[in-house]
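Visitor: Each chain, written out:
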Amino acid sequence: MTSAVFVLVAAAIFGLGVHGLLVSAHIMRKLLALNLMLSALFLLLIVVPATIDGRPDPVPQALVLTGIVIAVSTTAFALALMVRLFRKQGHASIHPDIDPRLLGRKAPSKANKTAQGDDR
Amino acid sequence: MTPAAQLLIGLVFVPLSTALVAVLLPPRRRRWAVVLGGLAWPCLLVPLSMAVAREQSVVMVFGGWAPPLGIGWRLDALGLVVLWVHALAGIAALPSAWRRFDPDLPESGPFWSLWMILATGVNLALLAADLFNLYVALELTTLAAVALIATDDGIAALAAAMRYLLLAVLGSLMYVLGVGLVYAQTGSLAMHQPGIEALNNVALVLMLTGLMVKAAIFPLHVWLPHAYSNAPGPVAAIMAAVVGKAALVAFWRIWFETAEAPPAQLADFLGLIGAAALVYGAIAAYLQPRLKMVIAYSSISHFGFLLLLLPLASQQAFQGAGFHLLAHGLAKAAMFLAAANIVVVLGSDSIRHLPGLDKRMPLEAFTLALAGVTLIGLPPSGGFTGKWMLLSAAWETGGWFWLVLIVLSGLMSAAYVFRILALTCFHPARRAVHHLHPRPPKITSLAALTLALLAVVIGLYPHPVLDLLGAGMPGMVR
Chain A
179 MTSAVFVLVA
189 AAIFGLGVHG
199 LLVSAHIMRK
209 LLALNLMLSA
219 LFLLLIVVPA
229 TIDGRPDPVP
239 QALVLTGIVI
249 AVSTTAFALA
259 LMVRLFRKQG
269 HASIHPDIDP
279 RLLGRKAPSK
289 ANKTAQGDDR
Chain B
20 MTPAAQLLIG
30 LVFVPLSTAL
40 VAVLLPPRRR
50 RWAVVLGGLA
60 WPCLLVPLSM
70 AVAREQSVVM
80 VFGGWAPPLG
90 IGWRLDALGL
100 VVLWVHALAG
110 IAALPSAWRR
120 FDPDLPESGP
130 FWSLWMILAT
140 GVNLALLAAD
150 LFNLYVALEL
160 TTLAAVALIA
170 TDDGIAALAA
180 AMRYLLLAVL
190 GSLMYVLGVG
200 LVYAQTGSLA
210 MHQPGIEALN
220 NVALVLMLTG
230 LMVKAAIFPL
240 HVWLPHAYSN
250 APGPVAAIMA
260 AVVGKAALVA
270 FWRIWFETAE
280 APPAQLADFL
290 GLIGAAALVY
300 GAIAAYLQPR
310 LKMVIAYSSI
320 SHFGFLLLLL
330 PLASQQAFQG
340 AGFHLLAHGL
350 AKAAMFLAAA
360 NIVVVLGSDS
370 IRHLPGLDKR
380 MPLEAFTLAL
390 AGVTLIGLPP
400 SGGFTGKWML
410 LSAAWETGGW
420 FWLVLIVLSG
430 LMSAAYVFRI
440 LALTCFHPAR
450 RAVHHLHPRP
460 PKITSLAALT
470 LALLAVVIGL
480 YPHPVLDLLG
490 AGMPGMVR
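In order, the protein sequences belong to chains A and B.
Take the first sequence: its letters are residues 179 to 298, numbered as in the working numbering.
Take the second sequence: its letters are residues 20 to 497, numbered as in the working numbering.
Looking at chain B on its own, in the form it has when it is part of the complex (with noise of 0.2 Å):
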C-alpha cells in the first residue's frame, strides 16, 4: 500500500470520529471538535491531489483482500473533484452553522454529530469502488442528510424531511436490487469490472433509477425544492454543495466504469431527460415566490445538464461536466449561505422583501450575483470553462440537438438568475422601511463571498482541475 493510500483512511475515518467525540462532549464543546475534525480531513486533500495528478487515481485494498471479494477503495480525480467541494462548502459554511447553532438553542444538540456523519457518507461514496459499499455510504449519507432537514423541526421541514426519507429509501431499494442482478449475472461487486461483454439492462436501470431519485435527476426530484429551501441555511448550502453531486458522481461511474458499453439509445433517453430537466428547472426557477425556492430548482435544472454528459460522452465534455460539477457546488452553496443571512434579518426569504435589499445587505446581494454569473456560465467564471468544453464537445462530434440545449441552458438559467437581481436592484417599490433583525456577524457574509468568488477564479485558472481530469473515464472517446 503506498503512503497516499493511507490517507484515504483518514477521510473517513476523521470526519466519523470527529461524530462519535462530538456526541459525548457536553452541548457547549461539541462545535468545536467539530471545527477541528471539520477543517483537519480537508488538510489530507492537498498530498492526495498530488498524488491523483502523478499516478491518475489512489487505490486501497482492506486487509490485502483483493476484489471481488473484498473491499476497495479508490479515489480518481472526480471524486477529488467532489471532495474539494465538500472541503470548501463545509470550511465556508462553518460560521454560519456556529451562529445558527448555538449551544444554546435547543435544536443545536443533534446537529455538530449530524453534520460530520454526513460528511463520513459523503466521503465513503465518492471513494467506494464497490457497488455494495457504495449502498450502504449513500444511505448513510441520506439519514444523515435526512436528520439535518429535520433539525429544523417547524412542519414544512419535517414534512420535507419524510418525503425526502420514503423517496431515498425507495431509491437505495430499487438501487440494491439492480445490484443483486449485478451479482447474479458477474459474481462480482466491483465497480470496475472489466472484460463484460454487456452488463443486464434490467440491472442497469434499476440501478440508474434509484440514483437519479437520489441526485434528484427530474422527474425524480420531488424531494428536494422543499427539502432544500426548507432545511436550516447552512444545511441547505451543504447539501447543495455535495449530497446530489455524490449520488450524481455514482450515476457517472455505474455508467461509464461499470456499463463500459451502455446501449446508445438509453445514453440519447437519459440526455433527453437531462433536457427536460434543465428547461423544467428553469422554468420553474423562474416562476417560485421564495429565494431558497428559486435556488433548488437551479439545482434540478444543473442536475440536468450535466446529465448530458452521457450522450456526448467524450474526454473533452467529460472535463467540462466535472468542472461544471465544481463550479456549480461552489456557486450553490454560496447562494444558500447568502439566502441563510437574508432570512435572519428580513424573516423571511419571500422575494416580495428583496427590493432594496442590495443597500442593507451589499455583501449578500454581491455574493448572489456573483455565483449568478457562474450558474449562467458568463466568463470568465467556472461556469463558463465547464459549459465552453460541453458546448465544443458537442460540436466535435456533431451532436446539434445537444449543442443549442447547452446554450439554451445559460439563458435560461439568466432568466431567473436576472429575476432575483433586477428585484433586488431596480424594483420601483424599494421599500424604506424593512422590518429588519439584527445582522448576522460578518464573517458569515464574507464566507459566502469567498466561495462566489472561489466558483469565478477557478474560470481564471482552470488548467489544473483540467489537467487532473484529462484522463477521462473508460467507454470514453478521446
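Only chain A is shown next, with the shape it has when bound in the complex (with noise of 0.2 Å):
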C-alpha cells in the first residue's frame, strides 16, 4: 500500500519534471526539471524492488547512490556550461535567436550578445 503511494508520488513528480523540460526555455529550469525527473526516478528505484522481494535489497540502493554522484556531476557541468554560455551570447537558452521574454526578461537586451561569427 504504502509503496504504491511512492510510486504514484514518483510519477507524479517525473510527469512534473517531463513538462518543465519541454515547456520552459531557460537553461536553468531546464536543468531543475531534469533533476526533478532524477529524484522521481530514484525513489521509483528504491522503492520498486523492496515490493518484490519484501525486504530491503542493497543493490538498488547501491544503484541510486552511483546515480546521484552521476546526477551531481552532470548538474555541475551543465551549470558551468550554461554560465560559458551566458556569457556567449547573452542569455541562457539553447536557441541563439529567442524571444527574451520567454526567459523572463522585460525588455530586450542585446548589450552583451556579441557578433556569431561563423568561424568555420
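These are calculated hints, taken from the structure and not from any lab test.
Yeah, the Cβ is synthetic: ideal placement off N, Cα and C, and Gly gets one too.
Not one of these hints is a red herring.
A partial selection of chain B residues facing chain A, derived with a Cβ cut-off under 7 Å:
| hint | residue |
| --- | --- |
| 1 | Glu158 |
| 2 | Ala178 |
| 3 | Val188 |
| 4 | Leu196 |
| 5 | Gly199 |
Fit the two chains together into the complex; they arrive one by one in their own frames, and the hints show the way.
Guide: See the structure below:
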C-alpha cells in the first residue's frame, strides 16, 4: 500500500519534470526539471524492487547512490556550460535567436550579444 | 583468469591514467603523454584479437565476485571491431589534434585529458557486460564528448554542446529507469541473463529509447548535426567514428542478448524507424549548405541503415552490419578529418567554396571521394561487403521490403556524395581565387587518406573480420 503511494508520487514528480523540461526555455529551468525527474527515478528505483522481495534490497540503493553522484556531477558540469553560454550570447537558452521575454526578461537586451561570426 | 582477460584492464586503465597524468603535467607536455597513451592501448588489441578469434570472447570478473552480484567485463567480436575503429580513428586524428590544440592556444588545455576520458568511456561501454556499468560508461562518454564539443568556444558549439547534454541526460534517465525495472523483474543486472522467458516490454522499450537518443537514431537525432558540425575537426572525427557506435552496439546487445526473444512486431517497428532515419538522413544530407553538416546527416542515415539488422536478425545480417560498422566508422572519421583541413585552409566549410578545391587540396578531395565510395557501398569497398551481406540476408529470409531499402540507401548516399564531388570537380564557377590560409602539415591529410584507403582495403580482404563476427549473437537465425 505505502509503496503504491511512493510509486504514484514518483510518477507525479516525473511528469512535472517532463513538463518543465519541454515547456521552459531557460536552461536553468530545464536543468531543474531534469533533476526533478532524476529524483523521481531514484525514488522509484528504491521502492519498486523492495515490493518484489519484501525486505530491503541493498543493490538498488547502491545503484541510486551511484546515480546521485553522476547526477550531481552532470548538473555541476551543465551549470558551468550554461554560464559560459550566457557570457557569450547574453542569454541562457539553446536557441540563439529566442525572444527574451520567454526567458523571463522584461525588455530585450542585446548589449552582451556579440556578433555571431561563422568561423568554420 | 586467463592472461588475455588481464589485458582488458589495460583498455580502460591506460587511457584513464593517461588522462589523469595529462592533467598534472604542464600544458606543453600534455600532448606528449596523450600521444603515448593513445598509441599504447591500441597495441593491446593485437593479442586480444587473437584471443577473441580463438575463444569467441574474453571474460573478466572483478575480484572473483561472479554476476549477478559482481561486475563482469566481456569482449566479444562486435566490441573488438568497434575498438579497432576507435583505435585507428584516434591514431589518425592525432596529427590533426596536434595542430589544432597547440599548447599556445587558450582552448588547448583541457582537450588532451578530455580526449583520453572519452576513450576510457567508450572502451568501458564496449566491455561492459552489466546493464548498470554500461550506464556509467555511457554517461562518462557523454560528459567527455560534450566538454570536447565545447572546446570550440563559439556560441554555436556551446549551444550544440548544451543541447546534446540535455538530451543525453534525458536519454540516460530513460535507460536507467528501464534498468531499474529489469532489476525489479529478474533480480540481476547482467546483460546476458539466460533463462528469462520474456523481458518486461516497458523496461525494454525504455532502455532502447534511451539508447536511441545516445546513438542519434531518427527521430531522436536532433543533437547530432549541430554537435558534429560545430565541434573542432579532430573531435568530430573521433566522435563520428565511435561515440554513436558505442551506443548502437549497446542497443544491439540489449536487443539480442538481454531480451533474447523480443516481440517480432517491435522488431518490424524498429526496422521501420530505421527506414525513416535512412531516408530522412539522406535527404537532409543532400540539402545541407555546409560540408560538415552533410557528413553529419549522412551518419544519421547510416545509423538508420544499421537498425535494419533487427528485423533481419540472421547471422549473415549480423556479419554484414558489423562489417558496415567498421567501414562506416573509418570512412566517417576520414571525411571529418579531411573537412577539418578544408576548414583550416578556406576558413569555412560552406559548399559554395568547394568548386576548384580538387586543384588546391587534391589529397582532401581524394579522401572525400574515396570515403564516399565506402558510404555508397560501391565494390570493392568495405561498405559494399557489409551491404552485400545484409542484402543476401534479406534475400534469403524473403524480406523484400528491407531489400529495397538497402538498395535505396546506396542510391541516396550516392546522391549526396556525388553532389559534393560534382561541386568540387565539375562546377562551372571554379573560382580562380580562393582566400587561402596556410595549409596544415601534410601528415594530417595523409592520415585522413590512410583511413579512407583502409575503409576500401578491408573490402578486398574481408574474411578475417567476417570470421570473427561469424559467431553471431544469441537469438539469431543461423
